[in-house]
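Student: What follows is each chain in one-letter form.
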Amino acid sequence: MIKPDVYHSLGLSDEEYKNILRILKREPTPTELAMFSVEWSEHCGYLCSRKWLKLLPKTGKYKTLIGEDSGGIIIDDLAIVFKMESHNHPSQVEPKQGAATGVGGIIRDIFTAGARPIALLDSLRFGPLSQAYNRYLLAGVVDGIQFYGNCVGVPTVGGEIYFDESYSGNCLVNAMCIGIAKKNELSQARAFGIGNSIMYVGSSTGRDGIGGCSILASNEFKEGEEKRPTVQIGDPFTEKCLIEATLEAINTGYVVGIKDMGAAGLTCCTSEMASAGNSGMDVEIQAVPRREENMEPWEVMMSESQERMLVCVKNGKERQVREIFLKWGLNASVIGHVTDDGLVTIRDNGKVVASIKAHSLTKAPIYDMPSAKPKRLKELNKLRLGRIPKPADYNEVLLKLLRAPSIANKAWVYEQYDHMVQTNTVVLPGSDAAVIRLKGTNKAIAATTDCNSRYCFLNPYRGAEIAVAEAARNLVCSGGRPAAVTDCLNFGNPEKPESFWYFKNCVEGIRDACKSFKVAVVSGNVSFYNESPKSAINPTPAIGMIGILNDANKACSQNFKQDGDVIILLGRCGEELGASEYLKEIHHLTRGDAPKLDLKLEKAVQDTTLEAIEKGLVNSAHDCSEGGLAVALAECCISNEANMVGAVINNLNYDIREDALLFGESQSRIILSCNSRSVKEIDKIAKRNKAPYRIIGLTGGIEFRILSGKKELINLRLENLSKEWRGSLPAK
Amino acid sequence: MKFGVVVFPGSNCDQDCFYVVKDVLKKPVKYVWHKDANLSGLDCVILPGGFSYGDYLRTGAVARFSPVMKHIADFAGKGGTVIGICNGFQILLEAGLLPGVMLRNRGLHFICKHVYVKTDNNRTRFTSLCNAGQILKIPIAHNEGNYYIDPAGLEELRDNEQVVFRYCSARGEISDRYNPNGALDNIAGIINKKGNVLGIMPHPERSSEDSLGSRDGHLIFKSMVNWLETKRL
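Chains as they are written, first to last, in our numbering: chain A, 143 to 874; chain B, 68 to 300.
Derived from the structure by calculation, the hints contain no laboratory data. Possibly wrong hints are sitting among the right ones.
What the hints assert, rightly or not - 27 Å max Cα-Cα, derived BS3-like pairs, lysine-lysine:
(1) B/Lys261 / A/Lys325
(2) B/Lys180 / A/Lys581
(3) A/Lys585 / B/Lys298
Unchecked claim - Here are the simulated distance ranges between beta carbons:
(4) A/Ala274 / B/Lys97: 50 to 56 Å
(5) B/Arg190 / A/Asn857: 49 to 55 Å
(6) B/Ala104 / A/Val476: 28 to 34 Å
(7) A/Gly843 / B/Gln201: 31 to 37 Å
(8) A/His501 / B/Leu170: 44 to 50 Å
(9) B/Arg171 / A/Glu169: 53 to 59 Å
(10) B/Arg171 / A/Gly851: 52 to 58 Å
(11) B/Asp226 / A/Asn857: 54 to 60 Å
(12) B/Asp103 / A/Ile216: 49 to 55 Å
(13) A/Ile216 / B/Lys102: 34 to 40 Å
Keep in mind it's a predicted model, so treat the numbers as computed, not measured. Heads up, the beta-carbon is just placed ideally off N, CA and C, and yes, glycines get one too.
Here chain B stands alone, though its shape is the one from the complex:
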């Protein structure tokens, strides 16, 4: 089993994701330069956080045109496992691999802090080791995490159980008070219909070791490894 971490110019969580896979999960991993077309031999592709192309036009809007994105679409089309974290999520939205868009945080500020998310769907390859409704403490760090989709789209997300994580309180209460960025319905992470592509705003790679104040993000990576090894939820 092998992970690939995509590097766009301006990615800045690529090394953090690489470290978690290599040193915490102890699984093989390599960097994939955004101009490389070769995803062969990879079982999982991570689109890391950061500011690809400076996020200068709109987050993810330039990165979606990188040569690697066409190959990621093919890879995902064939059922390959793809996780986009923060900027990676934004890129997946721009590339149309996930539905919806990201708006600026409603407070108009960048926010970096630990938040809580509730696992709305634990029957995915990204959450199978979480309990139903498990509350995870994972930090966010973004300027544009205010997820939006039209009412029909939201209906569809719900019908297909595509909403995987929602912002909540430490005790699991979901309300506007515990919504850090204004995201519709407190949405923090969604999957595609096929269930093999996850976009998540919080950073699981920043909460995979006790010394960083939370190991909850580790559950997401471990679920992925579990699925890749057994192909069972």
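Next up, chain A with everything else stripped away, as it sits in the complex:
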């Protein structure tokens, strides 16, 4: 008789346990109980979120591919496969290995689809760097990403890092990987064809990471908990060999299906591959290569040891496939075969230790969670501008904002990542979106991740819409046409109605914005239970978006290129200070509403920018985001350290408060610079697209100045700006 505290400790509720009894019509064996507990964990089974995820659009302007473990789009004869995934809790516990294995896991999701990984991005969130543990986390996570990504030879080309008190005690590490394949060479995560072999390849199995997904990823952190043994250890060298061997094996045509043993390890692979192939599977776990002695069957089934995969191989072709993996120094053992009974049968020395219908493991219950708008929001959304004192010295404010870690230059981070390997990175990190050329074509991919979680905290629906709009805007500034989305939805405990309300609203925001841009959400991941003893994190629906450049040579970057160029602002500056970085850094307020978003205006601004870039009229393009117009212009001046270019801005709309004009975060604004000869043409394009357009100044000089009539709002030397912006990270 299994006692409640046993299944409770595995994360199963009384109701779920009753359900298991009903399915099996008997008591589960210890191995079966373990298998249900991981497959029905929130992390694997999406119990709370599945109902809402169905809302997200699966089609867009490009033909989509939705696979078991990743998704993508088709461009000509190429498939571009990508996905973003979280590794938050492991990183909070052990930042280097947590982040490293997050990178390793997302890369495996891509190459098991048959695609060669060509780029990585990371969306990171930490608490303030004034706290020592947060500094340790930042250093550790960056170290883990460089340790893994550099060795496997996949360039880390972009991402974002933000700092906010809500992440103290629960950092976020979301890793995104992009891969490419010939569209007819993709593989699936399925097992079918009676008699075909089930082969285990890659590293051997140990006790590391047991219960990682059910215990670590599906609970919130409590005070004083020791969870280090549930974090896995990464081996990027093995992963690199696994990439080459897997792509070589898929190329033989002998691979029926293949899947990464990620969260829930062998349990997940056996049940999900059988279920997706409408088959059964008979597996002998004594054949699983091991690195530890005396492992119990349930431990083998639960282990999250890294760099392992399960492959369904055509009957009779096992030797050929095995030889490829052996050549790369990897294990490759046949551990079972495909059956037609629909059962996942696990044997230990021939004795059956688990026998469960594959479908019942993979069809975790769906819950309809209650939701409620947090009461304090109504008060927090109020912002009386009259009570916000106007700063006396805008220069000081600008310098302080440039120093703020969320805005400061991130070269200290991305220079630790190999962002050039594979020789495709034509726009390097540090611009609005990285651009990666596709060798053998004229095309390139732009890629970015975005989310302002303060907006989402104060207005989840609009915050999520803005995350999508800003991601698209960043791609456009690099010359990319927004093409498709992956999302990584980071929220608090879904059993708390207020957390769930945030989740629901963000999903709706993503849905509506994606529909408006006609981009599909092709893959994604949900991470709940991001809470520390103090509070839940800000809702953080990180958006990973890719865009297409038809001509890689037209790629655009954010920095001003030369003296004497005309500076154009597309879009409107509103009197909006709510939720801004300025309010937080200068007035220590997280209040007001997220900025307004008019998707029609957004589209007009983006279309104008794209057309101007594609016609070769533009020398630089940069969007206005955190820190507003003044910060964006300063970045245009100083972001190329080897060639900084000054600017004089003297023609803004001065009807609004000066601090709102300089630092407000009105959406849908892009700064262009161009040769004076191109102005007329850009003007025409803007009029045709109905995008608000204004010439605001000229580039040149060794200073950055903003004038209002004769009054100087900003006047700072470039080297001074650069020193502040570049000197903030790393935090000492």
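With chain A held as given, fit chain B onto it using these hints.
Tutor: Frame of chain A, contents of chain B only:
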């Protein structure tokens, strides 16, 4: 004329080097698996960057025992042209085909960025198309690029004009400020006494096309092709 790109388990710039030879230089090239003994028909061997054997013991320390290394030593002994880039350089040091050792970068971080190097010796088969003292913009990407050799060894390198590239500013100033990793004397690349084996930390294959922000690395490959075709500097 034919190039060979050696592939160790963990090499990750092998495909980049292959691409530059095939698609930019438009010369014949093949991969050489580290267990293959056959270098026949090759005129130039490239040891690419990456993390051979994960660099787990010490960079290049395991790769030097790969079967192919004995054949590369023979090939170099007979005057064959060998270039080791980044991890390839580290392997050449471990194998004793070049003098000195690589330490961890002095900042203890991996560094990936464009740097400038000055061509100290343009009378080599790797630099003959560079002007004397020409400044090249080429990216680095490494954790262990902090070159070291004892004082007598450094003296010998200098006497024999074996120092080929040194880190410098965009204008060619050589000082500690423009030394990204702490390398002794700002050394970025050296050749053996015979002049047929080059080790270089920066990645010329990453700077051989305009779209990648610099074509300066192309000069090194072109010099090699020029030498292989004419056998003259």
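Student: None of the hints should be skipped; say for each whether it holds.
Tutor: Checked hints:
1. B/Lys261 / A/Lys325: violated (49 Å)
2. B/Lys180 / A/Lys581: holds (22 Å)
3. A/Lys585 / B/Lys298: It is violated: about 39 Å lies between the C-alpha atoms, which goes past 27 Å.
4. A/Ala274 / B/Lys97: 50 to 56 Å: At roughly 53 Å between Cβ atoms, B/Lys97 and A/Ala274 fall inside 50 to 56 Å, so the hint holds.
5. B/Arg190 / A/Asn857: 49 to 55 Å: Check passed, 52 Å falls within 49 to 55 Å.
6. B/Ala104 / A/Val476: 28 to 34 Å: holds (32 Å)
7. A/Gly843 / B/Gln201: 31 to 37 Å: Holds - the Cβ-Cβ distance for A/Gly843 and B/Gln201, about 32 Å, lies within 31 to 37 Å.
8. A/His501 / B/Leu170: 44 to 50 Å: Violated - the Cβ-Cβ distance for A/His501 and B/Leu170, about 57 Å, lies outside 44 to 50 Å.
9. B/Arg171 / A/Glu169: 53 to 59 Å: For A/Glu169 against B/Arg171, whose Cβ atoms are near 57 Å apart, the range 53 to 59 Å holds.
10. B/Arg171 / A/Gly851: 52 to 58 Å: Given a distance of about 56 Å, which is inside 52 to 58 Å, the answer is holds.
11. B/Asp226 / A/Asn857: 54 to 60 Å: holds (55 Å)
12. B/Asp103 / A/Ile216: 49 to 55 Å: With Cβ atoms ~38 Å apart, the hint is violated.
13. A/Ile216 / B/Lys102: 34 to 40 Å: Roughly 38 Å apart at Cβ, these two residues keep to the hinted range, so it holds.
The earlier numbered hints that this structure contradicts are 1, 3, 8, 12.
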